[in-house]
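Starting from the structure of chain A, add chains B, C and D where the hints point.
Protein chains: 4
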Amino acid sequence: MSALPAAPAGPPAEEPIGVAVVGAGYWGPNLVRNFQGSPSFRLHWLCDLDRSQAERVLGGYSTVAVTDDLAEVLADPRVGAVAVATPAGTHLDVAAAALRAGKHVLVEKPLAATYADGRELAGEADARGLTLMCDHTYCYTPAVLRIRELVRGGDLGEVQFLDSVRINLGLVQRDIDVMWDLAPHDLSILDFVLPDGVRPVAVAAHGADAIGAGRSCVAYLTLRLSNGGLAHIHVNWLSPVKVRTTIIGGSKRTLVWDDLNPAQRLSVFDRGVDVAAPEELGADERQQMLISYRSGDMVAPALPEREALRTMVEEFATAIRSGRPALTDGRSGLRVLAVLEAASRSLAEGGVMIELGEDDR
Amino acid sequence: MSALPAAPAGPPAEEPIGVAVVGAGYWGPNLVRNFQGSPSFRLHWLCDLDRSQAERVLGGYSTVAVTDDLAEVLADPRVGAVAVATPAGTHLDVAAAALRAGKHVLVEKPLAATYADGRELAGEADARGLTLMCDHTYCYTPAVLRIRELVRGGDLGEVQFLDSVRINLGLVQRDIDVMWDLAPHDLSILDFVLPDGVRPVAVAAHGADAIGAGRSCVAYLTLRLSNGGLAHIHVNWLSPVKVRTTIIGGSKRTLVWDDLNPAQRLSVFDRGVDVAAPEELGADERQQMLISYRSGDMVAPALPEREALRTMVEEFATAIRSGRPALTDGRSGLRVLAVLEAASRSLAEGGVMIELGEDDR
Amino acid sequence: MSALPAAPAGPPAEEPIGVAVVGAGYWGPNLVRNFQGSPSFRLHWLCDLDRSQAERVLGGYSTVAVTDDLAEVLADPRVGAVAVATPAGTHLDVAAAALRAGKHVLVEKPLAATYADGRELAGEADARGLTLMCDHTYCYTPAVLRIRELVRGGDLGEVQFLDSVRINLGLVQRDIDVMWDLAPHDLSILDFVLPDGVRPVAVAAHGADAIGAGRSCVAYLTLRLSNGGLAHIHVNWLSPVKVRTTIIGGSKRTLVWDDLNPAQRLSVFDRGVDVAAPEELGADERQQMLISYRSGDMVAPALPEREALRTMVEEFATAIRSGRPALTDGRSGLRVLAVLEAASRSLAEGGVMIELGEDDR
Amino acid sequence: MSALPAAPAGPPAEEPIGVAVVGAGYWGPNLVRNFQGSPSFRLHWLCDLDRSQAERVLGGYSTVAVTDDLAEVLADPRVGAVAVATPAGTHLDVAAAALRAGKHVLVEKPLAATYADGRELAGEADARGLTLMCDHTYCYTPAVLRIRELVRGGDLGEVQFLDSVRINLGLVQRDIDVMWDLAPHDLSILDFVLPDGVRPVAVAAHGADAIGAGRSCVAYLTLRLSNGGLAHIHVNWLSPVKVRTTIIGGSKRTLVWDDLNPAQRLSVFDRGVDVAAPEELGADERQQMLISYRSGDMVAPALPEREALRTMVEEFATAIRSGRPALTDGRSGLRVLAVLEAASRSLAEGGVMIELGEDDR
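Residue numbers (our numbering), protein chains in the order written: chain A, 1 to 361; chain B, 1 to 361; chain C, 1 to 361; chain D, 1 to 361.
Restraint ranges, calculated between C-beta atoms of paired labels, are given here:
(1) B/G157 with A/D175: 24 to 32 Å
(2) C/K242 with D/R174: 36 to 44 Å
(3) B/S52 with C/Q53: 29 to 37 Å
(4) A/G212 with B/E355: 20 to 28 Å
(5) A/V275 with B/E355: 29 to 37 Å
(6) C/G154 with D/G212: 15 to 23 Å
(7) A/E355 with B/E72: 53 to 61 Å
(8) D/G212 with B/A263: 37 to 45 Å
(9) C/G25 with B/G123: 45 to 53 Å
(10) B/P39 with C/P262: 31 to 39 Å
(11) D/L260 with B/S52: 46 to 54 Å
(12) B/K242 with C/Q53: 34 to 42 Å
Honestly, the hints are just simulated from the structure, not real lab data. All C-beta atoms, glycine included, are put in the ideal place defined by N, C-alpha and C.
Bound-form chain A, shown alone (with noise of 0.2 Å):
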């Protein structure tokens, strides 16, 4: 490994960042959109091996430069950040070199085609003193920072179960199978959501190549969690109807997110079982337990309305010039990726429950 090249000095604060996208494939023009609209950055480059299709993103009217030549965009000293929006497969490579150019570096999701990789980027971000994060983009809706209050506030009580739908008629990937493609939101978000010391202990999966594409198109992975609660995912590219529904139960509320409703998005639920064993009984003496329903109000929060990218992209920049990590680090990009990596040996092996190592937690 080279020299590491000094880590760039954060900007003052009234000065945007430089910033080059690379990858102008189905992400990448919503990071264009998204870093022209941010006054924490200046786009200098979109970078695409196809340079036609980078002109066709940026269309008949903008000064952004084009190029495919991703050396010539680390070499611009104005570039203080690249994020990456292409192939999983390509990830290693484009955030390494970047990372090694000296560039604070934003990865598309899954952080790296696996998890050795994403540890690689990970060690080479840390080593050098680089914002290594990860576009979990799901994470920075107001949905899902508001959920994130509710449950790590206390608010929900102790988490004792998560169902997440995510199914829709989807694209078929060529290279990846439902699983890698669409369980990286739902597993971020629970990354994000969980509160401290509760994490994903063991996870089993199901799933089927319903129309013979040569990879699963419906998916269902269980997850046990360290609290002894259970969260589970439903992943489907064949689904005509559109389904992007969450349930975390807690011990004293237990909330809906229905991401397709705008106009009810978050509904917390002060409705419930609750047991009281009295003390004196043994497990065993089922007949003398207490069960109470609670059934009361539901209330729906009012969300600011804030595109989920904009916030993320500011995210960035704030990680950049504190030096903190971001709220979705390339750490998170790894827990995800140990997950996935499980998931698929358990479907590799017909449904067992795997076990994650202790670092993945």
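The following block gives chains B, C and D in isolation, referenced to the frame of chain A:
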């Protein structure tokens, strides 16, 4: 075993079948109401160990007789059929006694507390040439009857996946877990609508006793089908929102049954993903596969308004009179029990996939 | 008018009130079921000109007597109260006969076919000290009872507007238009929930006989309220979709009642528009007006599950026993008739606004 | 009036039309984005009296020129078309100036502040042979384009009623009431989808200034159609819930357009009421009328995903190039203004029905 009484000769179509309901708890009143409303039956008795409960159910204006003595009911020659709505643990005793007394028997789901018990009942009914029917009520809803037509009639093409969610803030049962309480609905529907030759061949189950109730309150079942398809069932007593939605994905069409949307219970989508793998290519040559998407119209078929229990009661009469097996006969009840027992084993063994025996498919 | 019989002495609270239902058509069976279920009443008769219809309603297991002779019912000294569920055109005759026989009377909506008829009934009841109650069933739903509390208790602030939509593919009535068929529900609810002192003062109506049925099948009513507010009602027999939604906008909060959403019938929004016109400005100085928007949380209050008719029946008993007017007494029925008659006049005169008399507010 | 400049010769299809957007407020940015995205146009200018606002809209990466001088824009020979997105009160001045300069003109709704102004614009355009188009955006949504096909193609049969609800917590405008703010959408859609020969012939309006804003914040419009049908529009700035639903009832089918349900915007019901009056009977013999109910399937047609503004922009190009009137040309804008002015008169006169002039139908 005593000598078999002769099976009662089928009464002439015009004469109602004398019937008794045993069990005046949660479900019994529904049977009472529907037998009273049917011209095919004449309700003579409501029998419950708690006479005053039976009297409350009948109310102050009824001519139906009450008793706490099953023997009195079984000895009544006017009674040709007995409907059993007692706790599952008593099904074997009550139903077997009725069969031995030469009565046709309808049993509330599940058929019995164990597969062995259920097989005993089925054998008893077969030996005596009596009708044994399981009250899988949902199968007789207009929606499920139509789903059966669509699936078995080929409108959906090959069944690729089935996903069923049945969650609610439900009563935590004292004797059974959420899987035994709710999944029989989904399993009996699955059994009812799948085409001949497509059966579950293995099942895995995950669950959690999230509230310390001594039994699972949240459970997920994954079933492998004999045609390579996947079925998944989510049952949950702890959800503050009620969901009862089943998606059945086929190679031609996909249907969504939302039982809580009376205005549009059934939606049939001509929408999906087709994979056309050129003949000459090997499975590895994924890059060459041709995927096409259909995004056709959705049709919500008009469904008649008819109470499922009424239809079920008439099927019971028809089965008795014709001697043919009921649509949900004892065998279907047995197949559901086989899956439930295997799922319980899987739950106890941490979610491993349990193969179902040949007989139970 | 013959000499008044003495009003029956209120029976002791523990003894049920003898009751007869007159009319075994669409609504009568519901009254039969609810009187049978109430400990406050003892149902003695179901009376209908078509005896066989009455017998069908009672079914084959009932001890309630059937008759086609109203005089027989009115002569029965056990009968203290009569519930009238006959066509509106016969309400005057049947109810007046019952009152003259000294019976308390419950009348299905509308109170009578005309305002004049209704006033005669109300006068008759007053003169004899008998309870006259109008079965405005919706007023006794848990949702409307809560709305009444919220509106009259001041939680909404000043009522600014009310918008009610009640549309469905409905039975085209032979004798009345859609306004007389459906709007009584909305008008009785309006009457029930508005605070004292806020009343409708004028009404305009538009309608269309879209299908050539000889009467309006679609109608819109606009009511001016005494506090300057506006109420609007849309009733429609021709809509393939069913909507039953009422919005009540207040200066502090606004509520939405969606009667077809059992999971969330009532939503109370702390959301709205405030105008703060600086004191010193004239009305013309619009540019200076300060408008602020509240976008607070929404609360969906938990509502009990209780059949409205059961509550209504108990209110009838309480009114009889206590001598106080029922919540929906004859006067409320009269106020609804006053609006309906004015709306019919407006309809006939092309939609002009018709003032309501002082007495009818 | 000065000598007419020659209408610009239609440019060859392959060459984009030079365009300028005037007005960088609420709507202008959407036009900027869509002209930039269209190969049919080349955007040269964004003009606003507030230059800095125009600069903010374009952002820091644009090559489009900014000016606050309309004359500079109109003098630019590259500019063949001008899009006007200024306040309605300035439409006459800006658009007339553009027409006089020989430019084709697109005007944001409403066409002008008054019917007289609008007529002047239409006359100016006609006299010069220039395209005058009104940006009735909703007409170009995939849903409304399909509705137009269904209604005009006869799939619905005769149009019997139309009911449109457009309510939300909306910005209280300083210069116009809710009717002028929101009803142009519904009126332009009505104008767009009705078959030739079916036109509004009279309108009545009721409204309320519920919050003391100095103008109606809630309004209801009732329109009589020339075929005897009825159209009704509810617009409201004060509703905490957003509703955008239109029902169009026809003699054969009825459609429901729910613009807030992206998964099922359009539902076409083969459901309704038929009246078969035997030939030999008079209109009075209501008892003989035969009413039958259809309760057929519902079909939700698949709709393409396409931004309405993009389609509108292409229609503008096509109208310019072909010389044919745009689908929403100046005449359609005029017809909408005629209804709005009559509705305002009705509102001022307490809701009386105002006939529309022959010219405005």
